[in-house]
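Construct the entire structure; sequences and hints are all you get.
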Amino acid sequence: MLGIDWYLALSAILFCIGMIGVLIRKNAIVIFMCVELMLNAVNLSLISFSSHYGNIDGQILVFFALAVAAAEAVVGLAIIIAIFRNNLSVDISRVNLLRW
Amino acid sequence: MITYFFIFLAVLAIASGLAMVISKNTVNSALFLVLNMVSLSGLYLLLQAQFMAVIQVLVYAGAIMVLFLFVIMLLNVDDEQSLFNKFRIKYFVAFLFGVGVFTQLIYSIGSFSNTLPVVSEKMAQVGTVEAVGDVLFTKYLLPFELTAILLTAAVVGALIVAQHKIKPAREE
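Sequence lines, in order, name chains B and S.
The first sequence: position 70 = 70 (my numbering), numbered continuously.
In my numbering, each number is its position in the second sequence, counted from 1, plus 1000.
Some clues are possibly wrong.
Subject to a maximum C-alpha distance of 27 Å in a straight line, what follows is the list of computed DSSO-like cross-link-like pairs (lysine-lysine) [unchecked claim]:
id	chain 1	residue 1	chain 2	residue 2
1	S	Lys1090	B	Lys26
2	S	Lys1139	B	Lys26
3	S	Lys1090	S	Lys1024
None of these hints come from the bench; they were simulated from the model.
Have a look at this one:
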């Protein structure tokens, strides 16, 4: 059986891929998908801890993270649609509503 | 055998994650994210968390990604043409940040490397739907019901935000 280190390392790699994606992409929808990737990486590390310690609480935490991610996706996509109606674009470099 | 499965799924997850970030077409990157989530659900099966694997496919790869694809198709987003065409300082800084965070994470994992346990023997009974439901409806009942309120509030808020009539700025 594999040790927990491998799962944690994979989780770290996925988290960093998601983070780089958030930093370099300009399409708002792709940025949201990169946030989902980072959430998934954290879920993987929680489940591997839960499985390796034989404790169910980590999986319950993943369940709640999943529900919060669903709520976040719904509200975020609604905001993206509202911004698209205003600007006719989802390019975040063209959105300057809150720019000082 | 489990090691080979792990290597296969890990390579699949990393490759589809990279492809999601790199691909220009938004629909392609959404489909790569679906592949990533399915491979993560396979990893959950390797960790003997069966319920979470099923939920991952049902909720993430099924529901949330369908929502994303629906929004992509609805908005008819044009592709980013100038992705990685020329060198920008932004890409370099982002890559530097990513490598920095990755090094920190690997360092902190490596310093705990020998103290972490192997897979627990009682995990075969722990990961089932029955065990998850048992804890969810006794110890975590209040957070579970708060989740229901959160989801309802999110749906109502999304309806209000998306239905609100705003005049497009370009018409004025």
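Hints, one by one, checked against the model:
| no. | hint | verdict |
| --- | --- | --- |
| 1 | S:Lys1090 - B:Lys26 | 11 Å, holds |
| 2 | S:Lys1139 - B:Lys26 | 43 Å, violated |
| 3 | S:Lys1090 - S:Lys1024 | 17 Å, holds |
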